[in-house]
Amino acid sequence: MTIQTFPAGKDGENGTPPEGTEKTDSPGRSGEPGATGAQGTPVEVAPVLTTVVPAGARRRGVPRWVRRPVGPLCLLAAWQIAVWTGSASTELLASPWTVVTTFADLVGNGELPKAILVSLRRAGTGLLLGGFIGITLALLAGLFRLGEDLIDAAVQMIRTVPFVGLIPLFIIWFGIGERPKTALVAFGVAFPLYLNTYAGIRNVDATLVEAARTVGLGRAGLIRHVILPGALPNVLVGLRFSLGIAWLALIFAEQINANRGLGHLMNRAQEFQRTDIIVVCLVVYALLGLAVDAVVRLLERLLLSWRPAFSGA
Numbered sequence: 209m210t211i212q213t214f215p216a217g218k219d220g221e222n223g224t225p226p227e228g229t230e231k232t233d234s235p236g237r238s239g240e241p242g243a244t245g246a247q248g249t250p251v252e253v254a255p256v257l258t259t260v261v262p263a264g265a266r267r268r269g270v271p272r273w274v275r276r277p278v279g280p281l282c283l284l285a286a287w288q289i290a291v292w293t294g295s296a297s298t299e300l301l302a303s304p305w306t307v308v309t310t311f312a313d314l315v316g317n318g319e320l321p322k323a324i325l326v327s328l329r330r331a332g333t334g335l336l337l338g339g340f341i342g343i344t345l346a347l348l349a350g351l352f353r354l355g356e357d358l359i360d361a362a363v364q365m366i367r368t369v370p371f372v373g374l375i376p377l378f379i380i381w382f383g384i385g386e387r388p389k390t391a392l393v394a395f396g397v398a399f400p401l402y403l404n405t406y407a408g409i410r411n412v413d414a415t416l417v418e419a420a421r422t423v424g425l426g427r428a429g430l431i432r433h434v435i436l437p438g439a440l441p442n443v444l445v446g447l448r449f450s451l452g453i454a455w456l457a458l459i460f461a462e463q464i465n466a467n468r469g470l471g472h473l474m475n476r477a478q479e480f481q482r483t484d485i486i487v488v489c490l491v492v493y494a495l496l497g498l499a500v501d502a503v504v505r506l507l508e509r510l511l512l513s514w515r516p517a518f519s520g521a
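Numbers 209 to 521, taken from our numbering, label the letters of the sequence shown in order.
Just so you know, the hints here were simulated from the structure itself, not pulled from any lab data.
Incorrect hints may have been included.
Stated by the list, open to error - Cβ pair distances, simulated, as ranges:
#1 R509 / G355: 26 to 34 Å
#2 R448 / G373: 19 to 27 Å
#3 V270 / L507: 24 to 32 Å
#4 K322 / L425: 50 to 58 Å
#5 T422 / P271: 45 to 53 Å
#6 C282 / T309: 18 to 26 Å
#7 R476 / W305: 19 to 27 Å
#8 T293 / A407: 44 to 52 Å
#9 L498 / T306: 20 to 28 Å
#10 L498 / G355: 13 to 21 Å
#11 L498 / D313: 17 to 25 Å
#12 S295 / L416: 56 to 64 Å
#13 R427 / A407: 14 to 22 Å
Think of the CB as a built atom: it goes at the ideal place given N, C-alpha and C, for glycine as much as any other residue.
Between the sequences and the hints, there should be enough to build the whole structure, so can you do that?
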């Protein structure tokens with residue numbers, strides 16, 4: 209931001225006109241309305257441009273990368289204090305230090321990395337399958353009125369069914385192997401992607417659509433250059449929702465007679481009342497969810513760099 213200032217003082221600074229301008233005999237100051245030169249003609253003084261830094265740019269404070277871990281660290285501190293004071297029984301909830309040592313043991317013997325890979329494969333397969341189904345149905349319903357009439361009502365009805373309630377039915381249909389686990393994750397992630405993609409397509413600015421038609425874009429060009437880019441922000445929001453539901457569905461899915469994966473570790477720990485192992489698995493679920501969410505946020509910054517967005521005050 210720049211503002212205009214007028215000097216006030218000696219020649220060229222603090223008040224009188226700079227060199228090359230006439231001095232005034234009038235009581236009015238140079239550059240003010242009514243100021244005149246020696247011949248009675250108005251004298252104009254060139255303004256001095258001063259750069260003003262916005263208040264937000266001048267703000268100094270603690271960096272965000274320092275502030276963000278404060279909340280989790282405070283939670284850990286409160287947890288540890290509760291264990292030390294006896295407010296939380298170690299038989300019901302292991303201490304943070306016990307959880308850390310258990311994590312190190314599980315990583316050292318290779319049990320935790322193997323379980324993570326199995327769970328990642330299940331979540332990834334279900335996400336790809338459910339994402340393909342959800343986005344395909346959304347494109348058909350969003351782009352074509354016939355598709356909306358045939359698809360949307362059925363999807364809106366099915367999405368109200370809790371996916372956890374389908375576990376017995378999936379066991380009857382698919383058995384107790386990997387297929388019911390993958391199907392449960394796919395069912396959970398399909399609907400957030402469908403809803404957000406469908407809404408993104410239908411909320412594209414009609415003015416842009418009319419402008420594209422005016423310049424001669426056909427249906428294929430309109431979809432490729434206007435509708436799909438306009439719907440992309442909603443698709444990425446739906447993907448973030450779907451990733452969260454994928455981990456939730458995976459926790460339930462791995463209770464279906466799992467003999468591998470994080471769910472298997474949790475079931476076995478429950479039998480022996482090993483709360484430290486259960487907490488380790490829950491923390492791993494949370495960290496995996498944060499990691500994939502960070503990947504999607506990076507995709508948002510890369511794919512939506514053309515769209516200015518509010519980043520907080």
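For the range 50 to 58 Å, tell me whether the beta carbons of K322 and L425 fit it or not.
-> Between K322 and L425, where Cβ atoms are some 52 Å apart, the hint holds.
Can you let me know if the beta-carbon spacing of R427 and A407 is within 14 to 22 Å?
-> Holds, at about 21 Å.
Whether the CB-CB distance between S295 and L416 falls inside 56 to 64 Å | holds (58 Å)
So does C282 sit 18 to 26 Å from T309, Cβ to Cβ?
-> Hint holds: Cβ distance 22 Å, inside 18 to 26 Å.
C-beta pair T422, P271: status relative to the range 45 to 53 Å that was hinted | holds (48 Å)
Can the suggested window of 19 to 27 Å be confirmed for the beta-carbon pair R448 and G373?
-> At roughly 25 Å between Cβ atoms, G373 and R448 fall inside 19 to 27 Å, so the hint holds.
At the C-beta level, are L498 and D313 separated by a distance inside 17 to 25 Å?
-> Between L498 and D313, where Cβ atoms are some 23 Å apart, the hint holds.
G355 and R509 - C-beta distance against the hinted 26 to 34 Å | Given range 26 to 34 Å: holds, Cβ gap about 32 Å.
Confirm or reject the claim that V270 and L507 have a C-beta distance inside 24 to 32 Å.
-> Once the Cβ atoms are compared, 28 Å apart, the range 24 to 32 Å for L507 and V270 holds.
Status of the given 19 to 27 Å range, CB of W305 versus CB of R476 | holds (22 Å)
Quick one: are T293 and A407 within 44 to 52 Å, going by C-beta?
-> Roughly 49 Å apart at Cβ, these two residues keep to the hinted range, so it holds.
Look at the Cβ atoms of L498 and G355 and judge whether their distance stays inside 13 to 21 Å.
-> Because 36 Å falls outside the window, the suggested range is violated.
Comparing the model with each earlier hint shows a violation of hint 10 alone; every other hint is respected.
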